[in-house]
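Chains W and C supply the protein sequences, listed in that same order. Plus 1398 on top of the position in the first sequence (first one is 1) and you've got the working numbering. Plus 1398 on top of the position in the second sequence (first one is 1) and you've got the working numbering.
A hint or two may mislead.
[To be verified] With a straight-line Cα cutoff of 16 Å, these simulated EDC-like cross-link-like pairs (lysine to aspartate or glutamate) come out:
#1 LYS1863(C) / ASP2043(W)
#2 LYS1753(W) / ASP1763(W)
#3 LYS1631(W) / GLU1656(W)
#4 LYS1408(W) / ASP1614(W)
#5 LYS1598(C) / ASP1795(W)
#6 LYS1598(W) / ASP1795(C)
#7 LYS1863(W) / ASP2043(C)
#8 LYS1640(W) / ASP1614(W)
The hints are simulated quantities; they were obtained by calculation from the structure and are not laboratory data.
Number of protein chains: 2
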Amino acid sequence: MSLPTDTLAKAANQARGLAIDAVHKCSSGHLGLPLGAAEIGAALFGSALVHCPEQPRWRGRDRFVLSAGHGSMFLYAWLHLSGYEVSREDLAAFRQLHSKTPGHPEFRETPGVESTTGPLGQGIANAVGMAVAGKMAAARFNTPDHPLFDSSRVFCLAGDGCMQEGVALEAMEFAAHQQLDNLILIYDANDVTLDAMADKTQSLNAAARFKALGWDVQTIDGHDIEAIVKALKKARRAKSGKPQLVIAKTVIGKGIAEVEGTSKGHGEGGAKFAEAARARLGLPADEHFYVSEDVRAYFDAQKKRSARVANKWQRSYKAWRTANPALAAEIDTAAKAPSATQLLAAVPVFPADAKHGGTRAAGKDVLQPLAAQLPLLIGGSADLYGSTLNYIASSGDFEPATEANSAAVAGGRAGRNIRFGIREHAMAAIANGIAYDGLFRPSVATFLVFADYSRPAMRLAALTKLPVVYIYTHDSIGVGEDGPTHQPVETISALRLIPGFDVIRPGDAEEVVGAYAAALSREDGPTLIALSRQAVPLLNEIPAETRREGVLHGGYVAVRETTSLTHILIATGSELHLAVAAARELGSGVRVVSMPSMERFERQAPEYRESVLPSSCERRVAIEAGVTALWHRYVGPRGTIIGIDRFGISAPGPVIFKELGITAERVVEEVRALN
Amino acid sequence: MSLPTDTLAKAANQARGLAIDAVHKCSSGHLGLPLGAAEIGAALFGSALVHCPEQPRWRGRDRFVLSAGHGSMFLYAWLHLSGYEVSREDLAAFRQLHSKTPGHPEFRETPGVESTTGPLGQGIANAVGMAVAGKMAAARFNTPDHPLFDSSRVFCLAGDGCMQEGVALEAMEFAAHQQLDNLILIYDANDVTLDAMADKTQSLNAAARFKALGWDVQTIDGHDIEAIVKALKKARRAKSGKPQLVIAKTVIGKGIAEVEGTSKGHGEGGAKFAEAARARLGLPADEHFYVSEDVRAYFDAQKKRSARVANKWQRSYKAWRTANPALAAEIDTAAKAPSATQLLAAVPVFPADAKHGGTRAAGKDVLQPLAAQLPLLIGGSADLYGSTLNYIASSGDFEPATEANSAAVAGGRAGRNIRFGIREHAMAAIANGIAYDGLFRPSVATFLVFADYSRPAMRLAALTKLPVVYIYTHDSIGVGEDGPTHQPVETISALRLIPGFDVIRPGDAEEVVGAYAAALSREDGPTLIALSRQAVPLLNEIPAETRREGVLHGGYVAVRETTSLTHILIATGSELHLAVAAARELGSGVRVVSMPSMERFERQAPEYRESVLPSSCERRVAIEAGVTALWHRYVGPRGTIIGIDRFGISAPGPVIFKELGITAERVVEEVRALN
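Bound-form chain W, shown alone (with noise of 0.2 Å):
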């Protein structure tokens, strides 16, 4: 079928006006994408993409990603043209309490939408997360007769504000290392940020910059439709093995002819010039949020389309899950996760002599067997696996199919462990695009410290509830000589603040097989695992199920007393092992809670809460090798916080515990002066 470049043309004007109606209404949001990128979201959703408006989340479509998620609009008009549920109403009811349309596109909210963005660079790695999971799904379940993972394509549009930031730079480098040629990143190039002109803070080669890297670029005019078409055509058609940049050269806020090609025309700015712009557009001067007749029709009709190539999808899917049960049955633990039980089930109860060289050696022991239980289960690491320990041992690499790799299952594609150099914030954001595309679960890994350097994309993937794990180790002071840039102090309660991010700290290696099994049981947000660098024992007094389960809980008793309840320790991590040689010291009447989740132990009953930290009981210690701040609300006014209010020091770890008071001794002083 050839191009009906007037319809896409008139279409692309008449999103236009669905932007320009929608943000005038609400006198809040971006024009300066919806409007300069019109023609590239004709070029995509009037014929580019292969999707399905019925069926979102259709698991062999394209997926498209708006980096520059501000342009929200953008997104918003064309899945409503596209006849996605976003009606009308939707987009008058625009950036409003409870829309589907909100200010920045959300996962979850609004059906079409791939990935929540709007912090800058996130959504170029979110792509590359996605094509990621496109690679690994083609390796790991296309068969000869049926190649369903081959056809689909990550497009993504990002804009100067996504391509200065460094997530996307780290996430660049990353694509065509992994020679992801099933990712094509569109350029708005428009010369504009918000501020001023691009030349302000800008003045690089971008293609001479994304060749040396080694990407495929095409360069063209980003308002001639069938240019776009051609040039994401031959996107997708590449086989260079490297990934695809189109630079569209664009005119931001093109239609309102007093801010378009200037700053003004990024945001809200030109909405008061909406009427004489409407005019000039074509559309009706009576009828707001209009699309014409011709346009509906068409994008009907694409619809059609669409379906009829879901439905032949779906039909060769089912033959593949016949021909292939076991695959079938590995694919469809995607859907849902094992229980926490069933994942405690899976693990061996350490021998009693058990030695382990910190907690995170035993997350290496631990992560074996859950890995064989969840074939889906990825790991990767910021070029730290020797010291992270979270490499799954039976599979190999992700990484380009060579000769070499080609023939072994364990490796090259189809490997289970991504090298992700060092580079924490594209991890965890590509973790995130992983986790989006839904079929993999992605668990990352690096010292626990560099958790701010990934923590804008941690923040997002609590805010969309992505089930990512982040095995981050090297959790205190106990890392010793590398010293206060290294060890963490803030980083865990920090973490613990991020609405809907669950932090487990546990304190013994079967701590850190309830701690998995949290981690990997939760299906509706992240969850980090705080382990340890130095040596802790097996806190083998206390029942092997007592210390998993509790870690479910977030709180539980570990040691209980044995007279009358005088005293509560609590403590986490390597230091729960402090707070029960102090009991031992202190006598019969003290209590120990394990506390390696206060979010977990939070969401527990009220009664279960009471039952473990009874309020009667006001003499409380507790004890973190950390910052204080959060313990105040378990300890009350009465009790006693031992920890950390200051950054480490470099020296031995056993040396350093002791120059900051961290010790059992310690906490009997504290405990005898609470008397």
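Based on these hints, arrange chain C on the given structure of chain W.
Just chain C now, with coordinates in the frame of chain W:
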């Protein structure tokens, strides 16, 4: 003088020996870089660097930043050889408690260490900041007779770890755009990362990438001392207006044959082969931390030459001071910040009917008289001047000198406003670099929710006690329509947890004055000022001096009870108004405490704190439009916290406040429920 390459080659091997002995002694630390870059060290410290070990902070010196901070023994060895106050005993105490030679280089701990590094990528951005300071100093203080600030250069040594980090990638683009040809980056290209060969994670053409960004690039053999010296000389003399990259191909761990050139050479793995390696390096078997007489003699002579150069500069500086008393007075303001009282006096009290579009707009008004008072104060923004409003209006943009701007004193290289682009992380790390340099006082701005993007650099500012000021605006759900991705809820509390980091959230324009006075008078650490997007009125019922000075104390009695105290309401920022309104309704026994800065409040004497929050009054309600976790400390188990333990919503700001129950009515209800 011709280059004594034999002596320098010997010095390189002895520097290797120092690193081997130090790492071997404590069985900890990284050998890869100190060994692989030994010839680079010889070229730098033996020839290229213009510095003065006896005057480590001499203003005319070259700076050297070891971005690859894990290779700290490289730096300590060369500082020792150069004659800095780093003794053999200090080297032998590598990574031990209270030594001058911590695991990663720490600013303030070791003479000659220009920047705290270790978290990868930061050092490159720090070096960019120092280069900015150099260009700025030259523009502002050079005179034709005394071009004091023209000669110094910033050298930075970085490996693949730094080169892969987003913060470095952002900074590289910024450096090229800003034409910082006083920056010389040496890329220790050894093809190895911690986990594996670098080709497992990268495959870019580094030279082409840097050229595309706008850098000059040389590629050399990193073990050829003559070639390195020549390349650095060429880089120093470049007048291309481009930052200078020297790609030095090296062999990691060179000198320990068993591990060199592999990832095993990166850490301490090679230490076990120390004895054989030392022999091959020509080091005596019976003396550790060995330096030969001729090498000592060479560096002693170098040190004397350095002192002559520095002293010559100091004489020139004295003459410049005499000839330019106004400039001298200006430069002297770098030595000591004005007191908070002085700063408060510089800002007129706002008229009672003053209206501001948010405390951010008040910030704009407060900034201008303070910028006049503080000539070395620099403002910057990550493409959000239009929203954060922190532009120093009396000056222009910092940008490369052009014919157009060189005449205007306001802008060009003398401009006091830095457009960082959409690069929040580099912005904060470059600000650290400016602060390390110590001449200018950096303040930077973006949306508060994006503090997460810059957090790793903020942590380092706190760790290193750098007086950077962050003017981060749009501080709550008051952001409104932009929605949860742009609404901080946990951000403020998460920043409060960083040791030594002050957060101030002022409640009206006069509290903003106090916030700026507090931040800009602080010399021993960073301060973030959180400002609102939405308008808040002046709290005229509270005297202006009470509000201003109250902020300096962190918390203060804003509204005092007029009968016996029954309840305390505690609030920050825009919620202070809700507390005041509620108190008005609740009656005469209610006190309102404004708590703009928990950190400053905690530094007050216990008596003061008790006077503000008498422990006898347990009926307390805290109100803040953010997570509640930190408020337990102030309300205790009998109090109530009104906050937001979830993400925000996209809707008009006032609608969200109502939807989430952050209202004066709710405060009244909760107080009554306490009775």
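**Request:** Would you list, in rising numerical order, the hints stated earlier that this structure does not obey?
**Result:** 3, 4
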